[in-house]
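A.B. asks: Sequence:
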Amino acid sequence: MVVLLLLLLLMPLSATATAELCGNGGNYTANSTYQSNLAVLATTLASNASSSPQLFAAGSTGQSPDAVHALALCRGDFGTDTACRDCVATSFQHAQQACPNRKGAAVYYEYDDTQRPGCVVGFSGDNDFVSPANGITENSTLFQSWNSNNISGDGTASVVSADVHNLLTVTAQDAAADTARRYATTVMDSVQTLYSLAQCTPDLSAGDCLACLQRLNGMVNATTSMRLGGRIFVLRCNIRFEAFMFFDQPTRRINPSSIAPAPPGKSMITSCDEI
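Per mature numbering (1 follows the signal peptide of the UniProt record, and there is no 0), the sequence shown runs over residues -19 to -1, 1 to 256.
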């Protein structure tokens, strides 16, 4: 399993690339067979992901030691094939610029634009990289960022925290149950209207998707649940919540009292790790 090193924790909301993660699995040389294979696979996955109903593609090309394995996932509310293809292609280019000649890299790309929602791409020389059973809930490098402002309103901290956990729980459950794209969005009218999104790569089973999302939800603790927004990514799943609508349309609206409060979150991890 490639261990990825976090290069960028947080960029402004207007930025494009949210985070780049470079692998430590070695380097390739310029104009090498590995670089050629990477270029072929980047083009192939951009086309395959954008033409797939799941907005997802994974694949491999070449023979060891020059084999490249990669995956690409566009957010579930992409409106056009062209936008998804362009996001994947740009992300592969960005990964190679941010991690020059590295055999492994991942980019979490966010536009904060409902017309161009964002995508995730990753590549590696590790032949287990594209396997959905490879470290989906445990051995995954993570990235997280949080709004510096807190939710305002009349609710107490415990009520707001419970509402946020309830929102994330419902969204994770809905995403895991979505057989089409493993994707869901939810809106909750709490002390402040909150919007959330959860997504897994659609090759995960419902149980593996839920486990992956629950791991991320468990990292939202008493402090971060009070923030006006936040996001946590691993390669196979991601969650996000905000005080503004950052997706096309919510798939579900819930009330704060619609489900029982979730258990308290675990301590926040503020940098990438290998668990």
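Among the hints, erroneous ones may be present.
[Unchecked claim] Restraint-style ranges between C-beta atoms, simulated for each label pair:
#  : residue 1 : residue 2 : range
1  : G7        : R234      : 46 to 56 Å
2  : S32       : S139      : 18 to 28 Å
3  : Q230      : S17       : 48 to 58 Å
4  : Q78       : V172      : 35 to 45 Å
5  : M226      : T24       : 27 to 37 Å
6  : Q173      : Q74       : 32 to 42 Å
7  : V21       : N130      : 39 to 49 Å
8  : P34       : T14       : 18 to 28 Å
9  : S133      : T25       : 42 to 52 Å
10 : N202      : S133      : 31 to 41 Å
In case anyone wonders, no lab produced these hints; they're calculated from the structure. Here a beta-carbon is modelled for each residue, glycine too, at the ideal position from N, C-alpha and C.
A.B. asks: Next, verify each hint and record whether it holds.
C.D. replies: Going through the hints against the structure:
For G7 and R234, the Cβ-Cβ distance of about 48 Å falls inside the hinted range of 46 to 56 Å, so the restraint holds. At roughly 47 Å, the beta-carbon separation of S32 and S139 lies outside the given 18 to 28 Å, and the hint is violated. The hint said 48 to 58 Å for the Cβ distance between Q230 and S17, and at roughly 41 Å that hint is violated. Distance hint for Q78 and V172: a CB-CB separation of about 42 Å, consistent with the stated range 35 to 45 Å.
Between M226 and T24, the C-beta spacing of about 33 Å keeps the proposed range 27 to 37 Å intact. Between Q173 and Q74 the beta carbon distance is about 38 Å. The supplied range of 32 to 42 Å therefore holds. Between V21 and N130 the beta carbon distance is about 45 Å. The supplied range of 39 to 49 Å therefore holds. Checking the proposed 18 to 28 Å range against P34 and T14 shows it is violated: the Cβ atoms sit about 33 Å from each other.
Between S133 and T25 the CB atoms are about 47 Å apart, so this pair conforms to the stated range of 42 to 52 Å. Remark: the range hint 31 to 41 Å for N202 to S133 is contradicted by a beta-carbon distance near 19 Å.
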